[in-house]
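Asks: Could you put together the complete structure from these sequences and hints?
2 protein chains.
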Amino acid sequence: MKVHVEVKPKSGVLDPQGNAVLEAMRHFGLEARNCRVGKIIEFEIADGTIRREEIENKLHEVSRDLLSNPVIEDYKLQIEG
Amino acid sequence: MKVHVEVKPKSGVLDPQGNAVLEAMRHFGLEARNCRVGKIIEFEIADGTIRREEIENKLHEVSRDLLSNPVIEDYKLQIEG
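Going down the list, the sequences are from chains B and F. Residues are numbered in our numbering as their position in the first sequence, beginning at 1, plus a constant of 510. Residues are numbered in our numbering as their position in the second sequence, beginning at 1, plus a constant of 510.
Any given hint might turn out to be false.
The list treats identical chains as one, so a pair stands whether inside a single copy or across any two.
Said to hold, decoys possible - Within a straight-line C-alpha distance of at most 25 Å, the following computed DMTMM-like cross-link-like pairs (lysine to aspartate or glutamate) qualify:
| hint | residue 1 | residue 2 |
| --- | --- | --- |
| 1 | K512 | E566 |
| 2 | K512 | E533 |
| 3 | K568 | D525 |
| 4 | K586 | D557 |
| 5 | K520 | E563 |
| 6 | K586 | E554 |
| 7 | K520 | E564 |
| 8 | K512 | D525 |
| 9 | K549 | E533 |
| 10 | K586 | E541 |
| 11 | K568 | E533 |
| 12 | K549 | E571 |
What the hints contain is simulated information worked out from the structure, not anything from laboratory work.
Replies: Below is the structure:
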């Protein structure tokens with residue numbers, strides 16, 4: 511099964527990396543706004559090793575405690591297959 | 511118009527960050543494989559400032575030259591609206 515986790519700064523949280531990108535784009539002649547920079551983490555899990563429900567709980571645990579910082583970031587978990 | 515750029519390591523390119531995530535997930539009791547870590551960059555562009563075609567060219571230029579490293583990364587550009 512394929513797992514796709516998106517981690518983005520919460521709305522309302524200052525995103526200095528996004529602001530740096532806006533500034534750099536301005537030098538390319540592109541006026542943009544509200545830029546947010548996040549992460550994508552993709553991986554595969556072998557099917558049938560543990561129960562589906564158990565895997566999903568584990569994936570939420572990993573997304574919350576390892577892949578994101580819940581104080582300033584939100585995660586979105588997608589599981590395929 | 512909303513712009514969404516995904517930047518991921520090319521397949522075949524070693525992803526040390528992905529390997530670190532796999533290792534860390536193992537400590538959480540989750541056996542995964544083929545982990546790749548990428549970036550998402552989202553921003554908005556005010557409509558009507560320049561021609562659509564010109565904006566798209568500009569966005570590809572920015573995605574290639576600023577947001578990604580074409581030697582080791584691929585980008586995917588999505589434009590909404």
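Asks: Hints first: check each against the structure and report whether it holds.
Replies: Results of checking the hints against the structure:
1. K512 x E566: Within one copy only: 12 Å inside, 31 Å across.
2. K512 x E533: between (35 Å within a copy, 17 Å between copies)
3. K568 x D525: Between. Shortest inter-copy distance 23 Å satisfies the 25 Å Cα cut-off; intra-copy 28 Å does not.
4. K586 x D557: within (21 Å within a copy, 29 Å between copies)
5. K520 x E563: Close neither inside one copy (27 Å) nor across copies (32 Å); limit 25 Å.
6. K586 x E554: So K586 and E554 pass the 25 Å test inside a copy (16 Å) and across (21 Å) alike.
7. K520 x E564: Close neither inside one copy (27 Å) nor across copies (31 Å); limit 25 Å.
8. K512 x D525: Answer is between; shortest inter-copy Cα gap is 17 Å, intra-copy 29 Å.
9. K549 x E533: both (20 Å within a copy, 18 Å between copies)
10. K586 x E541: between (28 Å within a copy, 20 Å between copies)
11. K568 x E533: between (39 Å within a copy, 15 Å between copies)
12. K549 x E571: both (17 Å within a copy, 21 Å between copies)
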